[in-house]
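Colleague: Based on the provided sequences and hints, a complete structural model is requested.
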Amino acid sequence: MDRGGVLTTQGIITMVVVLVFVWGGFALFVTAAVKRERKKAAGRDPAAGDWRD
1 MDRGGVLTTQ GIITMVVVLV FVWGGFALFV TAAVKRERKK AAGRDPAAGD
51 WRD
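Counting from 1, one number per residue, gives the positions in the sequence shown under my numbering.
Warning: the hint list may mix true and false statements.
Unchecked claim - If you anchor each label on the Cβ, the simulated ranges turn out as follows:
no.: 1; residue 1: Gly11; residue 2: Ala42; range: 43 to 53 angstroms
no.: 2; residue 1: Val30; residue 2: Gln10; range: 27 to 37 angstroms
no.: 3; residue 1: Thr8; residue 2: Gly43; range: 50 to 60 angstroms
Worth flagging that the hints you see were computed from the coordinates, not collected in a lab.
Fair warning: this is a prediction, and the values are worked out from it, not measured in the lab.
In this text, a Cβ means the ideal position worked out from N, Cα and C, and glycines have one as well.
Modeller: If you want it as structure tokens, here you go:
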């Protein structure tokens, strides 16, 4: 058996899966943060310049 090839393939697959989970989690976090910021912004006066923290 070519264990080197198998391990390399498993390593690549593992890296891809990890990247997908990391990017997916990051995207969900950013989306939630944006929604939270928009809710905060909706309750403030953007013209007053206090809509950013």
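Colleague: Would you mind marking each hint as holding or not holding in the structure?
Modeller: Hint check:
A hinted range of 43 to 53 angstroms holds for the C-beta pair Gly11 and Ala42, which are about 46 angstroms apart. Between Val30 and Gln10 the CB atoms are about 30 angstroms apart, so this pair conforms to the stated range of 27 to 37 angstroms. Taking 50 to 60 angstroms as the suggested C-beta distance range, the pair Thr8 and Gly43 conforms, at roughly 53 angstroms.
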